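**Q** In order, the protein sequences belong to chains A and B.
All residue numbers for the first sequence refer to numbering that gives the first Met the number 0, where the first residue is 0 and numbers rise by one.
All residue numbers for the second sequence refer to numbering that gives the first Met the number 0, where the first residue is 0 and numbers rise by one.
Hint data in this document are derived by calculation from the structure and do not stem from the laboratory.
Everything numeric in this text was worked out from a predicted model, so none of it was measured.
By construction, the Cβ of each residue, glycine as well, lies at the ideal position given by its N, Cα and C atoms.
Treat the hints loosely; a few may be bogus.
[Stated by the list, open to error] Ranges of calculated distance between the beta carbons of each label pair, as one might list FRET restraints:
no., chain 1, residue 1, chain 2, residue 2, range
1, A, Arg-106, B, Gly-18, 32 to 40 Å
2, B, Leu-31, A, Leu-108, 35 to 43 Å
3, A, Ala-45, B, His-500, 27 to 35 Å
[Unchecked claim] Calculated pairs, SDA-like style, for lysine to any residue (alpha carbon to alpha carbon, straight line, at most 25 Å):
no., chain 1, residue 1, chain 2, residue 2
4, B, Lys-133, A, Lys-149
5, A, Lys-82, B, Gly-120
6, A, Lys-149, A, Ser-138
7, B, Lys-392, B, Tyr-378
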Amino acid sequence: MNAHLQPTGSAYFLTTETQAAERHTLTVLVDNEPGVLARVVGLFSARGYNIDSLTVSETEHDKHRSRITIVTMATPKVLAQIKLQLERLVPVHKVHDLTAEGESLERELALLKVAGKGENRVETLRLADAFRAQVVDASTESFVFEITGKPAKIDQFITLMAPLGLVEVVRTGLAAITRGPEGM
Amino acid sequence: MAEQMTGAEMVIRALTDNGVEHIFGYPGGAALPIYDAMFQQDKIQHILVRHEQGATHMAEGYARSTGKCGVVLVTSGPGATNAVTGLTDALMDSIPLVCITAQVPTNLIGSDAFQECDTVGITRSCTKYNYLVKRIEDLPRVLHEAFLIATTGRPGPVVIDIPKDVQFALGNYYQPDVETLRHQSYRPQMDGDLGAIEAAVDMMLRAERPVFYTGGGVINAGPEASEALRELAELTGFPVTSTLMGLGAFPASNPQWLGMLGMHGTYEANLAMHDCDVMINIGARFDDRITGRIDAFSPGSRKIHVDIDPSSINKVVPVDIPIIGDCARVLREMVRVYRSKSNQPRTEAIAPWWEQIDEWRAVNSLGYKNSTTTIKPQYAIERLYEASKAQGKDVYITTEVGQHQMWAAQHFHFDQPNRWMTSGGLGTMGYGLPAAVGVQVAHPDALVIDIAGEASVQMTMQEISTAVQYRLPVKIFILNNERMGMVRQWQDLLHGSRYAHSYSESLPDFVKLAEAYGAKGVRCDNPAELDAAIAEMLDYDGPVLFDVVVEKDENCLPMIPSGKPHNEIILPDTANIGSIIDEKGRQLV
């Protein structure tokens with residue numbers, strides 16, 4: 000993946016990476032200015048880091064600041080680099096590794112379109128009820144469900160809906176925040 | 000008080016307010032308003048280049064030799080894309096540049112207009128920061144912020160893209176207070192943590208086999224950093240080595256100097272790095288050309304790392320004591336803390352270490368077999384060094400990239416910082432000639448020499464025309480071996496001596512070429528006549544292209560092959576470098 004991880008530092012003597020990758024959720028506070036997202040995303044692609052999920056929105060309108068939540072897979076050494084490289088960007092104020100800092104709350108929203116008739120329709124509604132998904136649109140042959148929760152719960156709901164006539168899914172990506180009284 | 004003026008006038012005004020005296024540039028349609036504003040003033044001198052890449056390297060040479068910010072002005076589209084190589088070079092070597100690129104008018108942005116390109120998109124990854132200024136109200140702040148960002152913290156290039164209509168627009172110019180600049184997030188840490196500095200000094204006081212490993216950060220932190228390094232070295236008695244970028248920060252004439260380290264560093268510097276017990280890295284970044292094989296890099300040492308960029312810490316090599324801060328400030332603190340704990344160099348404790356180092360020195364790893372029939376490149380640089388020393392002038396050296404660059408680093412010696420300009424990180428062939436022009440602009444009375452190769456120099460050859468136009472007496476010292484020598488050396492080492500496109504066919508006659516440009520040409524292929532030819536070059540008051548015809552197949556040694564540890568260095572007495580890497584290693588290619 001990253002050239003700098005090569006213990007030999009040479010293409011003539013390649014070795015394999017020994018550290019295992021971990022999934023971490025990072026939250027990045029940035030100035031909401033043109034191109035800031037491109038800087039963050041460009042850094043990930045330029046240095047060969049992974050992005051599994053990305054969520055961006057302005058959270059402090061008066062200060063023009065946005066919160067970017069990134070889920071990444073990386074070895075501990077690369078994770079430390081990701082954090083430092085992000086902090087190096089001029090419009091980045093703070094970077095927190097929520098996974099490393101203890102338990103955090105993680106939520107995602109998804110909309111699912113499911114088409115079907117007869118028994119499938121009943122089953123669809125029963126499952127939606129069990130998962131506390133809301134019906135936000137309905138026709139005689141379809142529903143659109145809104146579901147929020149941890150990504151794993153949404154994954155499971157999608158899996159269950161697949162054989163019942165799932166047409167399409169849209170997901171927001173992860174929003175995450177720490178527990179307790181302290182802010183970022 | 001705010002003053003009303005056009006965007007183009009603001010550019011000139013902000014440059015003046017930031018103490019800019021010279022800018023390197025090339026005009027074009029979108030840049031015309033700024034050029035018009037420049038025409039109507041005489042505070043800033045504009046140097047007209049022949050290609051925008053040349054402008055960026057000139058600004059780099061200017062910046063490195065003065066410690067000031069280099070300034071570039073180019074037009075939209077191809078003007079901006081031609082500047083990309085120099086911007087990347089400046090980013091890799093941490094050189095402060097402000098590059099103003101003109102852009103098509105805002106109403107045409109995104110329409111694939113004539114000479115339009117996505118400059119901020121293209122330069123995002125090769126600048127420290129960049130701006131597209133769409134509103135005249137933002138221009139004064141951006142212009143001043145750009146200088147702040149380029150020159151503070153870890154220096155780097157900043158691009159300001161200004162659409163033509165914004166250059167024409169009227170607005171209020173003001174000089175913003177640095178503290179109220181918009182980016183509250185940009186606050187580089189200057190002072191090192193005192194606890195960490197104390198711990199580092201304690202570690203140094205217990206060291207038995209210490210070494211200072213210094214880098215470009217010491218140069219970037221200004222002459223005070225070099226002074227503090229010299230003081231600390233004298234105080235401790237420790238040996239000092241440096242990366243390519245840090246040459247001159249510590250005097251080469253000092254007995255504590257081990258020479259450069261790394262792939263083509265000296266035997267004593269690399270072995271000292273490998274066997275040390277305490278490594279003190281000041282402003283270097285454990286580049287792969289320094290470390291060689293990382294899992295075998297200095298295995299028994301504890302490491303102190305001083306760097307202004309937190310992301311340099313533990314990026315490649317894990318360290319025991321990281322100190323984030325400006326090299327000058329941290330070194331001064333180290334001197335103060337060291338003095339408070341001891342007033343004796345650790346001469347006795349490290350005497351066995353020096354004995355060991357002297358044994359390594361005795362190997363004479365920079366030795367070479369001289370010849371009476373052909374000029375050896377090392378000999379040519381040695382003679383150039385002696386002759387330039389005798390001139391009694393301030394001497395500045397720039398280089399291109401390749402064997403000649405490494406030979407220059409090995410055989411030309413520097414006692415002062417800011418005298419050595421080379422493309423270290425990006426390794427840009429074609430850097431040296433324009434960089435020499437930039438240095439000469441900043442130091443009109445100095446002796447400025449580009450030690451070049453015949454392949455590299457042809458990449459930016461046209462800038463000799465700039466030197467002629469501005470009467471800049473740069474000396475281009477071409478070690479002509481009719482080879483891309485370093486490529487040829489690697490092909491011998493690792494690719495079975497199959498010389499795929501690594502030789503220069505149909506080379507120009509450099510003497511005639513020089514004359515065609517209005518410069519002087521000198522050629523020499525006889526070792527006995529070399530000194531006289533060098534004198535002829537140095538005595539000429541104007542730019543000179545000196546074609547030194549050297550030994551074609553000389554190898555640049557010593558060498559640590561890529562991916563090998565420091566103690567597997569190839570020494571000059573090795574007859575056949577093709578046998579160094581075994582068959583198993585070659586199959587991994």
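**Q** Taking the numbered hints from earlier one at a time, note which ones the structure violates and give those numbers from smallest to largest.
**A** Numbers 1, 2, 4 and 6 - these are the hints that the structure violates, sorted from lowest upward.
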